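Asker: Read off the chains here:
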Amino acid sequence: MAYEPVLTKFVKEPNCYTLDFYKAKDLGYEALRKAVTTMQPNDVIEMVKASGLRGRGGAGFPTGLKWQFVLKDTPKPKYICCNADESEPGTFKDHLLMERNPHLLIEGCAIGCYAIGAKVAYIYIRGEFYHVQKVLEQQIEEAYRAGFLGKNIFGSGFDCDVFVHRGAGAYEAGEETALIESLEGKRAQPRIKPPFPAVSGLYNCPSAVNNVETLANVPLIISKGVEWFTSLGPEKNNGPKLYCVSGHVKNPGVFEATMDVSLKELILGDQYAGGMKDGRTLKAVIPGGSSTPVLLPDQIDIPASFDAVAKAGSMLGSAAIMAVDDTTCMVWLAKNLLAFYRHESCGKCTPCREGADWLLKLLTRIEAGEGQMKDIDLLLDVSKNIGGKTLCPFGDAEIAPVLSTIKHFRHEYEAHVREGCCTIPAPWRGTRAPALAGHH
Amino acid sequence: METVTLTIDGQSLTVEKGKTVLQAAIEAGITLPYYCYHPGIGVDGSCRVCVVKVEKMPKLQTSCSTTCTEGMVVSTRDKDVVEARAAVFEFLLLNHPLDCPVCDKGGECPLQDFSYSFGPAESRMDFPRRVFDGEGVKADVDFGPTLMLNRNRCILCTRCIRFMREVEGDAQISVADRGNGSEIATFEDEGVHSLMSGNLMDVCPVGAITTRDYRFKSRPWDNPSVADTICTFCSKGCSTSEWIKAKPEWARGSSLVRVTPSYNPDVNGYWMCDIGRFGYHWVEGDRRLRQPMLRTTAGTLEPAGWSDVLHALRAKVAPLAAAEASSVKVLASAHASVEEFFVLKKLAEGALGGVNAVSVLWSRSEKKQPKATTFVVPVTDAPNVNGARDLGFAVGAGNGGAADVSALRAAVEAGKVKALLVVDPAPAELTGDFQWVIDARAKGMLPLLVVQAVEMCPLVAQADIVLAGAAWLEKDALFTNDQGRVQAASQVLSAPGDARPDWQILIDVAAAFGVSLGYLSDADIRKAIAAAMPGTPYASVADVAFSRPVAAKHWLQASNPSERWKWDFMFQDLPPVKGHSVQTEQGFVEGRVIPLKPVG
Ligand SMILES: Cc1cc2nc3c(=O)[nH]c(=O)nc-3n(C[C@H](O)[C@H](O)[C@H](O)COP(=O)(O)O)c2cc1C
Ligand code: SF4
Ligand code: SF4
Ligand code: FES
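If you're matching them up, the sequences are chains A and B in order.
Okay, so the first sequence: first residue is 3 according to this note's numbering, each after it adds one.
Okay, so the second sequence: first residue is 359 according to this note's numbering, each after it adds one.
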């Protein structure tokens, strides 16, 4: 069954990002017209609920439900906050959507606003996406000019503004409450929950935080219908899905498929990443971004769906599939990822602020061949003391690479200790020391 | 009051609805550690040491951010909790310098105390520690005019940041950098410039923020006594604790080493301003008057005995009043206590032609504070304008305006006043403008000047008779604050040398004028006040309990300013000395503040 992409169908065509192109070949704001002129806000929520759309930002929470939870009886304004922070290592799908199909997102933002009773959507875009911000802002401008945003859209009386807000480049700003803080002009550090954003979010008003890809699916559901959506992919894992495949593969990139495509196909299949480079063998797979536990080659013949990957002991997360070959030292891999987490920890809560640094120090020592066997157990223990004990899920994220590499590749850790050096020193590895916050 | 009932460690507790599990535990005497929580600022949930297990919840919860619900079952001693908590302590101490021997917080440090109770015995950290500004005390850096900061000791609880944002009203402190590099910072390292800065030492649970005033001056175990009283620098009347250093008679230096706020929900909450906190030095300062003085025939002021000065009053001043009551006037500062004003009133009515003979003086100053502050320091720099008002003295607009002594001034400048008695038990700068009195003396318009004061100053230098009085910390006395609340200030120190409490001096002065009052103690005066003012808040002042310095058996019982609120109001003590409560032990839990309704 050949799947016909809907999110990324035109991304390789020139001018695909323009309003004219979107009107001529894609949805062209007809979904928004349908929603605001023929449906009640609650009908939109019901439709999204019926579609079973699950959030594409990482947790896979049902979007319709999230919108339903947004407090209704309140005199306060409500907000859609589009999470375009996309900073999870290995993830680059939202980037593509915003750059090549911005109107689908803008239309999704407007429909989202209509559904929850908001008049404003903020697109919180990752600090480094400077060029994407320019495209988005131009196209938002176009949408205003065409009357798809602004006052009294399609004569329905519905007003909607969409603003782009650029972050300063922090992974933690992608956590929904940290994103809200940052939008308010504060440091991107998470808030304690409850209250949840649906009750008290941006400016302490009811808000929904939705990922870019999530919102991009909404106009498709409105225009093509619930049945179309649920016909794609396995039960409870419906709809089109973007996968970012990277690592030692021949053809890295973003691939659109339904969630019955297998992890194995995505990595090895010719129509996807095309298999491992230079004829080498697959050693391990990180299936959903660096925060998700590593899977072994014999675990990947499963659907790349939220539920199937969870069942295999990992997470689909942001669908950032990283495949590494047998030249990869897993201790080095864990160290490399921990350098990222150590750098990106916001520092608000004790276990993560102190623990990430300790983990990195231990990993660095072991990787350099200066560790002891007890350091390996200490890694496990420190991870245990972080996991589930932090203010936000970052703590769980940072221990995933440590725990899963020790689980599957403990022998590599032990070899480092025994031999007093790295036993798999790949030639392609950079020597640059990672930049660390604080230099302490 | 709506309540909910929950179980903590098998103990069934009924608490006010809306309370958190941490608050419920503290109130029930169940010891739980906490750092980012402070009862006076909002919940942050970041330090993670207050974790507990709540039945039916998969993860451990931070008790400071968990609201009690009906039927909730909580454990603070479950194995998971014990381990998770110990782990947080291990994390907190990974980079903490553990320089307790040279740290000002040592001995009264919640990080020390709770680590001993809840932390692991050893650390498994074998990497060099994070260092910010240098090793050891070299890391102490300027943090504005009143404070020092040591970033190595900071545990990033952000209490200081949130205090500035939520209470002070100007968010001068923030965190710079992030993650493991996070450090407390101010814009361009300007430090904290605030009238409320001293509170940052109180809220900081470690020795990261210290006051220049107290650092290296004493140790908790050298301050075995603490007395609860009130501050009298302005009309607010914050509840305070005065810290007394133990030292032999012959040792130099002052015994009062620190003033901190004590919790009073009706007046100051957990806070006080720097004017009151750092303004105590004059009490044991060099300018204090230690004995009465008389002007000699040679024109110099010489020390004298009390009988000499009272004789001089009887011989020189009383006859003037006897001849013409209106020729003798009183200028009393609103730093005089309710008792002192009461005696003055008797004196004025008995010998000076009525209360109009007394003019009440105070000074005002605008305090520079941010608009958003929730702690407003009043403009009136005197504690008892309302006390004078309630006793029937003319105070014009009271705390709402400036003192008006223009009538007295005109009379003095016209030479109509033959003798003036100034009563001012406060440092002269606090009371305001006396220059006109000095000028009148210089011009020979004021034949006799009697000054009852506590410090040498230009006014005292002009006096014929000097009566050495007592500071507010040297006598039991009442002051009525700007809310109309009659508050008790307790004696903490003795007046220096031959100086005497002012009520006592004024009784003798009245006697010299032939007004015999028969009060033998300050308590007698309060009985008389109570009898004279039925139906007012003063009707019960005879029963006021005054605090006494607490001679703690164990130094810890009387230490730790940031945790004092617990002992005072929740009857809980810190770990090592669990089960003790200084306040209940001494039997004066209530009584520092008379729970009366404001007048008028
Ligand atoms: C540390 C951390 C980083 C995150 N980064 C992102 C991100 O870059 N983009 C994103 O969409 N969601 C991110 N999330 C997930 C968001 O918190 C949130 O769940 C999501 O935006 C909800 O949108 P969805 O329901 O559409 O998936 C992150 C979560 C955490 C804990
Ligand atoms: S786990 Fe804590 S320190 Fe880490 S990112 Fe979340 S809130 Fe910040
Ligand atoms: S300086 Fe003190 S109060 Fe401020 S964050 Fe650090 S430990 Fe907390
Ligand atoms: S006191 Fe509860 S998390 Fe800090």
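Bear in mind the hints are in silico, worked out from the structure with no lab data behind them.
Given the structure is predicted, the values throughout are model-derived calculations rather than measurements.
Hints are not guaranteed to be accurate.
Claimed, not checked - In silico lysine-lysine, PhoX-like type, Cα no more than 20 Å apart, as pairs:
#, chain 1, residue 1, chain 2, residue 2
1, A, K409, A, K386
2, B, K575, B, K496
3, B, K605, B, K575
4, A, K36, A, K14
5, B, K437, B, K414
6, B, K575, A, K195
7, A, K51, A, K74
8, B, K411, A, K195
9, A, K266, A, K195
10, A, K14, A, K136
11, A, K252, A, K238
12, A, K266, A, K27
13, A, K78, A, K121
14, A, K195, B, K603
15, A, K226, A, K195
16, A, K153, A, K121
17, B, K437, A, K386
18, B, K496, A, K386
19, A, K195, B, K437
20, A, K25, A, K14
21, A, K386, B, K411
Asker: For the pair supplied as a hint, A/K153 and A/K121, confirm whether the alpha-carbon distance does not exceed 20 Å.
Answerer: Roughly 10 Å separates the two Cα atoms, so the pair holds.
Asker: Has the given pair, A/K36 with A/K14, been kept, meaning a C-alpha gap of at most 20 Å?
Answerer: Not OK: A/K36 and A/K14 at ~28 Å, beyond 20 Å, violated.
Asker: Please verify whether B/K496 and A/K386 have alpha carbons no more than 20 Å apart.
Answerer: violated (36 Å)
Asker: Holds or violated: A/K14 with A/K136, Cα cutoff 20 Å?
Answerer: holds (19 Å)
Asker: Quickly compare the C-alpha distance for B/K605 and B/K575 to 20 Å and report which way the hint goes.
Answerer: holds (13 Å)
Asker: Assess, step by step, whether the Cα of A/K266 is no farther than 20 Å from the Cα of A/K27, and give holds or violated.
Answerer: Cα-Cα ~33 Å, so violated.
Asker: Has the given pair, A/K195 with B/K437, been kept, meaning a C-alpha gap of at most 20 Å?
Answerer: violated (25 Å)
Asker: Would you check the hint for B/K437 and A/K386, treating anything up to 20 Å between C-alpha atoms as holding?
Answerer: holds (14 Å)
Asker: Is A/K386 within 20 Å of B/K411, Cα to Cα?
Answerer: holds (17 Å)
Asker: Run the distance test for A/K78 versus A/K121: straight-line Cα separation, threshold 20 Å.
Answerer: holds (11 Å)
Asker: Are the Cα positions of A/K25 and A/K14 separated by 20 Å at most?
Answerer: holds (17 Å)
Asker: Is the straight-line distance between the alpha-carbon of A/K252 and that of A/K238 20 Å or less?
Answerer: violated (32 Å)
Comparing the model with each earlier hint shows violations of hints 4, 6, 9, 11, 12, 14, 15, 18, 19; every other hint is respected.
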